[in-house]
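Participant: Next come the chains, spelled out residue by residue.
There are 2 protein chains.
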Amino acid sequence: MTGKDLSEHPISSEEVYAGGFFRVHRDRVRLPDGKETVREYVRHPGAVAIVALHEDGRVLLERQYRYPLARDFIEIPAGKLEAGEPHERTARRELLEETGYAARDWTRIGVMHTAIGYSDEGIELWLARGLDKREQALDEGEFLEVLELPFADALAMVRDGRITDAKTVAALLWVRAFGT
Amino acid sequence: MTGKDLSEHPISSEEVYAGGFFRVHRDRVRLPDGKETVREYVRHPGAVAIVALHEDGRVLLERQYRYPLARDFIEIPAGKLEAGEPHERTARRELLEETGYAARDWTRIGVMHTAIGYSDEGIELWLARGLDKREQALDEGEFLEVLELPFADALAMVRDGRITDAKTVAALLWVRAFGT
Chain A
1099 MTGKDLSEHP
1109 ISSEEVYAGG
1119 FFRVHRDRVR
1129 LPDGKETVRE
1139 YVRHPGAVAI
1149 VALHEDGRVL
1159 LERQYRYPLA
1169 RDFIEIPAGK
1179 LEAGEPHERT
1189 ARRELLEETG
1199 YAARDWTRIG
1209 VMHTAIGYSD
1219 EGIELWLARG
1229 LDKREQALDE
1239 GEFLEVLELP
1249 FADALAMVRD
1259 GRITDAKTVA
1269 ALLWVRAFGT
Chain B
1099 MTGKDLSEHP
1109 ISSEEVYAGG
1119 FFRVHRDRVR
1129 LPDGKETVRE
1139 YVRHPGAVAI
1149 VALHEDGRVL
1159 LERQYRYPLA
1169 RDFIEIPAGK
1179 LEAGEPHERT
1189 ARRELLEETG
1199 YAARDWTRIG
1209 VMHTAIGYSD
1219 EGIELWLARG
1229 LDKREQALDE
1239 GEFLEVLELP
1249 FADALAMVRD
1259 GRITDAKTVA
1269 ALLWVRAFGT
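Here the protein sequences line up with chains A and B, keeping their order. The first sequence begins at 1099 in the working numbering and counts up one residue at a time. The second sequence begins at 1099 in the working numbering and counts up one residue at a time.
No lab work stands behind these hints, which were simulated from the structure alone. From a predicted model like this one, the values you see are computed outputs, not experimental measurements. Certain hints may be false.
Which copy is meant is left open, because identical chains are indistinguishable; a pair holds if it fits in one copy or across any two.
Lysine-lysine pairs mimicking PhoX-like chemistry, simulated, CA-CA at most 25 Å apart [what the hints assert, rightly or not]: (1) K1102 to K1231; (2) K1231 to K1133; (3) K1102 to K1133; (4) K1133 to K1178; (5) K1178 to K1231.
Modelling step: build the complete structure from the supplied sequences, incorporating the hints.
Facilitator: In structure tokens, the structure reads:
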């Protein structure tokens, strides 16, 4: 990266909340001009998300209630990383558990950072093809409904605001723009 | 929304961290099967982000150090909502402060939810055209470098992973897919 150095340097770091799957830190930080400020942020284990396509172009989506926003969302299958588990393995596991599909062909699309102002979360995006139906096996406390929609219908839902989940918007539009 | 009711209902809510711009809640929740669980999430004021286009197709981007991930990111101009301030006014203010540009034409693209598993943040996406150069006026503690790049170059950076910020990926690909 060219241009001036914009780096901020930690002076001290405090864990102000340790939750079940994320932690919150509050750091004193040295700014580029030498002054001090405070940066608060979430430490997240990271996640995977999957654009899973049938041969006929249908895409696997899920309807899921998202408590922080108190409503249902339509989203692509996704799940948090487990410590030490390779991303592709997490992606295979989550797709199978949530949708009941195994996929033969896996291609990494890239990584997406969801909330760079206050979280270190990265979501690894994968494209899955060659789908075979197996058995859905939801985690305890996980409730969702699988949808299998033509890709054009999913794009229409992005366009008209029925799909607003960032990972889903980015991943579907990525596949639309750059192909499979 | 059709299909079975997936709603989760709050039993009790506790604010476990009150920070400078976000708060963290930890709620006891009733699941659809009647069991209880805990949901932790960030309460965020919301934000705006702007795809600002020159007549010749160049787009305004910013290079900014993002402390949670300890590196620079290339992103579209954005800022947090102020209480009671209309979204479009926030968008106009942030574009001017961060880039020094005023825009005559404003079109709302839609809303994007960045981290629906653990945050209620929504980012209102706006398209700004008819740019006039004024004076940049960064906030205290804000350091960034403005870039003005051909739209195709920005898309190439999405494709090859130089741009991974979710709001930026989603907004640029939206404009690519559905036009201006």
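Participant: Are the hints correct? Go through all of them and say.
Facilitator: Status of each hint after checking the structure:
Proximity of K1102 and K1231 under a CA criterion of 25 Å is satisfied inter-copy only: 22 Å between copies versus 53 Å inside one chain copy. With identical chains, the CA atoms of K1231 and K1133 are never at most 25 Å apart, being 58 Å at best within one copy and 29 Å at best between copies. For the identical chains of this complex, K1102 and K1133 are intra-copy neighbours only, at 17 Å inside a copy versus 54 Å across copies, given an alpha-carbon limit of 25 Å. For the homomeric pair K1133 and K1178, the shortest alpha-carbon distance between copies (22 Å) is at most 25 Å, but the shortest distance inside one copy (36 Å) is not.
Taking identical chains as interchangeable, the C-alpha atoms of K1178 and K1231 lie at most 25 Å apart only when both belong to the same chain, with a minimum of 23 Å there against 44 Å between chains.
The structure is inconsistent with hint 2 alone, although it conforms to all the rest.
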